[in-house]
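Number of protein chains: 2
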Amino acid sequence: MIKIMQDLEYIFNPRSIAVVGASRNPEKQGYRYVEILREFGFEGKIYPVNPKASEILGLKSYPKIGDIAGSVDYVISTIPASGLPKLIEECSTKRVKAIQLYTGRLAETGEEESIRLEEEIAHAAQKNKIRLIGPNCMGIYHPKEGISFSANFPKEGGFVAFLSQSAGHTFEVVYRGGVRGLRFSKVISYGNASDLNEVDFIRYLAHDPETKIISVYIEGVRDTKHFPHVLQEAARMKPTVILKGGRTDAGSRAVSSHTASLAGSRAIWDALCRQAGVIQADTVEEMVDILVTLSFLSPLKGRRVGVAGAGGGGSVAMADECENNGLTVPPLPSDIVAELKRLFPHEGNLIKNPIDLSVTAEGAGIMLEALLYAMELIAKHPEFDLLICDTAVERVLESIEWQGMFQGIVAMFIQIGKESKKPMAVVMRSADSPEEWRWKSIVTEQERCIQAGFPIYPTIARAAKAISEVVKYNLSNATRQ
Amino acid sequence: MIKIMQDLEYIFNPRSIAVVGASRNPEKQGYRYVEILREFGFEGKIYPVNPKASEILGLKSYPKIGDIAGSVDYVISTIPASGLPKLIEECSTKRVKAIQLYTGRLAETGEEESIRLEEEIAHAAQKNKIRLIGPNCMGIYHPKEGISFSANFPKEGGFVAFLSQSAGHTFEVVYRGGVRGLRFSKVISYGNASDLNEVDFIRYLAHDPETKIISVYIEGVRDTKHFPHVLQEAARMKPTVILKGGRTDAGSRAVSSHTASLAGSRAIWDALCRQAGVIQADTVEEMVDILVTLSFLSPLKGRRVGVAGAGGGGSVAMADECENNGLTVPPLPSDIVAELKRLFPHEGNLIKNPIDLSVTAEGAGIMLEALLYAMELIAKHPEFDLLICDTAVERVLESIEWQGMFQGIVAMFIQIGKESKKPMAVVMRSADSPEEWRWKSIVTEQERCIQAGFPIYPTIARAAKAISEVVKYNLSNATRQ
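Keeping their order, the protein sequence lines are chains A and B. UniProt numbering puts the last residue of the first sequence at 481; the count rises by one with no breaks. UniProt numbering puts the last residue of the second sequence at 481; the count rises by one with no breaks.
The following block holds chain A by itself, in its conformation from the complex (with noise of 0.2 Å):
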């Protein structure tokens, strides 16, 4: 267990890195790793290493590892994978500590000859001492180190860590929850599992002290005796989120294809979830919405919602979701409604919760001030755990000049959620117009919440779905305890 540590101590803080495929394309992968590093900042040593060039993106590049003078700790390998067994030798040689494996097309491709070559460097390198990344993964992402294998992800670190058996999939955490205001401590694309698998990361993470959270995207367990122990004592330690690839037929096919794993069954799986007091996902929107849910929300300690929305429709379908998903509407309590009655005696007795905002329209005439000191209310009562307050952008943003409209109302709940000391959660639909003012506007007002706090979510729907879980595990958590 210690020596574990150790060992990741170094995959995640390496004082040097050699890109063994290094290239001068753009267009590999070779190229990006050198690339994304500079672009990181990382300032540990950088090697590329390719035997026909002697610079590359005017760092000196070197024939092979043997030729670096000081001493490379790990190494990214984006050669073929017939190239491997004598990378090791070299990396032996050099005394190189890891090996991150780009290269694919082993055991993946589930041809006889690839498996016993994957297998074949696997001994190889445990032999001599080297850990071993993938293969068939993208490696590991560390903002705080300058360490990532895309330009896109944030460069500012923070404390959620991803564990995935997918590249794509980090693309999508990463990216996607980067933009919702997620900052990760570390992430990992472990592909394949050849030596290190989801068993170390796991136990690693869990006493990692800059995550705080731990998301665990898997296919197949590769260390099946350990798993179910380390995977409760993750989740003891801190809040644990799954998803699982391959719980269908087509889906567990689909798993052994792409990183040569055995998917098992789904009831199993389902039990061990439960057992070890995990949080399930059931897609990977999902599992970006329970982490963001976790980020900025906790704790929840109850599903008791007071919602605003902004309009009649929308107040509707706010209730229904929220009640379809788990969380409750619960009616405004007597001494809110003696309240709103006391001090707006002619509109008091007409607000609800969901709060239709949209009632302040000419012609509807209940005061702004009323429905506000509505807002106030529910977020200071008891009996009520959270706030949900929708932009309804649609309405809103109707036309340009409403912009300011549409500022103030994200204004309006900010102001709300920063007095009260209830979680606050605001919908507001994707910034996916093809009008550049409105995907401007809503991108710019997204950024505002997040800067202030408070999470966003696209619909009612995930918000409550996310929620909801995050509720769900925080209750029984408090039971075990």
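These are calculated hints, taken from the structure and not from any lab test. Computed from a prediction, not measured in an experiment: that's the story for all the values here. Please note: incorrect hints may appear among the correct ones.
Where chains are identical, the list cannot tell them apart; a pair therefore holds if satisfied intra-copy or between any two copies.
Stated by the list, open to error - Derived pair list, reagent style DMTMM-like, types lysine to aspartate or glutamate, alpha-carbon separation capped at 25 Å:
#1 Lys380 with Glu347
#2 Lys472 with Asp282
#3 Lys380 with Asp249
#4 Lys440 with Glu401
#5 Lys28 with Asp73
#6 Lys155 with Glu447
#7 Lys341 with Glu112
#8 Lys129 with Glu89
#9 Lys301 with Glu286
#10 Lys155 with Glu435
#11 Lys127 with Glu156
#12 Lys421 with Glu35
#13 Lys238 with Asp282
#14 Lys341 with Glu111
#15 Lys127 with Asp73
#16 Lys144 with Glu435
#17 Lys28 with Glu401
#18 Lys212 with Asp223
#19 Lys60 with Glu39
#20 Lys301 with Glu369
For this one, chain A is given, so just place chain B on it according to the hints.
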């Protein structure tokens, strides 16, 4: 029945519209109605009515309805509720055929006095043979005639009708749906339904030659006696999609303060829909997804999908989410496997369903040619009912230099879709990136797919769910007939 069809023909095709409460203030709805009618090119007469203005938006304004020289078919009212009895009187003298009441603060307030006023108005209108739409609604969008209540709606007409008790939902369905290629025959926001109600409109739409697909958002049924029969009749004639507001306790409370409706029992509602053979949507987003599916992918005859994704994890997710949502992702049939092996001896047996397009990347080395051929074979094969292709935006649009590759993938999907007789759906994540180039690139490619006749879905789960609902509908329809 013939009478009601005639009344509604007048409403959808008026020769003249008076906006009572027209305003010179761009923030008022009384300004917007006039402005939008002009913007949409309504060819009949537009008469602003306002006791204090002589001209609004360049049009002569009249102190009252009676001062207009020509005849007035249709009146839009934005005046306060208290002015309505007098308005009905004036409209009666002027032989107005219909009034749409944007005017709210009537029965939906729950106040006795307002409920009585709404009844009084409905009674006066009926006595004077004036039909009412609303109160508390946005009215009519009939693009073919240049009638609209939102500047954002498509100017071009189509064949989808949407009847909605919520104005907010019309903004969402028409705007969001419009961006995804839906075009509408007629959209009606009908609010409290004090006169014309769901039965009148659904019956009209069932017989309307412009309308091929009917969609309905309903909070409470006013005419419970005729509703089941009319719904059944409509669903027998055209695909009919319904979203019910107020299916939960909280939703049902919200419904009563939104449109003064009684939400009714969920169980009875579900049975009614099942018997009538309508498609039920759970959320507004799902309603849009289903309408997109019905518009672009008919006829869908089965649930066997050939899937092409652009990544390993993405392929697993596509397989899982298709099967979790009621579609099936069968293994490649033996004749396709044999054909692939024959043409591509080394790679043929590595290709599966889902097809993982990322394996063309360096190192993996399966030729794009082989994958494309596999897609073509699936597209032609009788054991597949449709294709779903995922553009894997996050991965492919990682860097601005890769826009060309993204375009290439979309072009390839479109080509395969065009050459094949199979329905084909494209999954493309929302264009909600904060980077302008990425937003623009996605918006452009979305538009390209739609122009080529292929529907866009933001996630595979949403695509699979909507497609599955439509397949279920088609199969049970085939059984019934």
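Tested hints:
Only within a single protomer do lysine 380 and glutamate 347 lie at most 25 Å apart by alpha-carbon distance; the minimum there is 21 Å, versus 64 Å between protomers. When the C-alpha separation of lysine 472 and aspartate 282 is checked against a cutoff of 25 Å, the pair qualifies both within a copy, at 15 Å, and between copies, at 23 Å. In this homomeric assembly, lysine 380 and aspartate 249 come within 25 Å of each other (Cα to Cα) only across copies, at 24 Å, whereas the closest approach inside a single copy is 49 Å. With identical chains, the CA atoms of lysine 440 and glutamate 401 are at most 25 Å apart both within one copy (14 Å) and between copies (23 Å).
For the homomeric pair lysine 28 and aspartate 73, the shortest alpha-carbon distance inside one copy (23 Å) is at most 25 Å, but the shortest distance between copies (68 Å) is not. Proximity of lysine 155 to glutamate 447 under the C-alpha cut-off of 25 Å is restricted to the intra-copy arrangement: shortest distance 16 Å within a copy versus 32 Å between copies. Proximity of lysine 341 to glutamate 112 under the C-alpha cut-off of 25 Å is restricted to the inter-copy arrangement: shortest distance 17 Å between copies versus 77 Å within a copy. Taking CA atoms no more than 25 Å apart as the test, lysine 129 paired with glutamate 89 passes inside one copy only; the shortest distance there is 11 Å, against 94 Å between copies.
Proximity of lysine 301 and glutamate 286 under a CA criterion of 25 Å is satisfied intra-copy only: 20 Å inside one chain copy versus 30 Å between copies. Taking identical chains as interchangeable, the C-alpha atoms of lysine 155 and glutamate 435 lie at most 25 Å apart only when they sit on different chains, with a minimum of 15 Å there against 29 Å within one chain. In this homomeric assembly, lysine 127 and glutamate 156 never come within 25 Å of each other (Cα to Cα): the closest approach is 37 Å inside a single copy and 70 Å across copies. In this assembly of identical chains, lysine 421 and glutamate 35 lie within 25 Å of each other by CA distance neither inside one copy nor across copies; the values are 45 Å within and 44 Å between.
For the homomeric pair lysine 238 and aspartate 282, the shortest alpha-carbon distance inside one copy (20 Å) is at most 25 Å, but the shortest distance between copies (34 Å) is not. Taking CA atoms no more than 25 Å apart as the test, lysine 341 paired with glutamate 111 passes between copies only; the shortest distance there is 14 Å, against 75 Å inside one copy. Taking identical chains as interchangeable, the C-alpha atoms of lysine 127 and aspartate 73 lie at most 25 Å apart only when both belong to the same chain, with a minimum of 17 Å there against 90 Å between chains. Taking the shortest Cα distances, lysine 144 and glutamate 435 sit within 25 Å of each other only across copies (23 Å), while inside one copy they are farther apart (37 Å).
Taking the shortest alpha-carbon separations for lysine 28 and glutamate 401, only the inter-copy value of 12 Å comes in at or below 25 Å, while the best intra-copy value is 46 Å. Taking identical chains as interchangeable, the C-alpha atoms of lysine 212 and aspartate 223 lie at most 25 Å apart only when both belong to the same chain, with a minimum of 24 Å there against 56 Å between chains. In this homomeric assembly, lysine 60 and glutamate 39 come within 25 Å of each other (Cα to Cα) only inside a single copy, at 17 Å, whereas the closest approach across copies is 63 Å. Proximity of lysine 301 to glutamate 369 under the C-alpha cut-off of 25 Å is found in neither arrangement, the shortest distances being 29 Å within a copy and 55 Å between copies.
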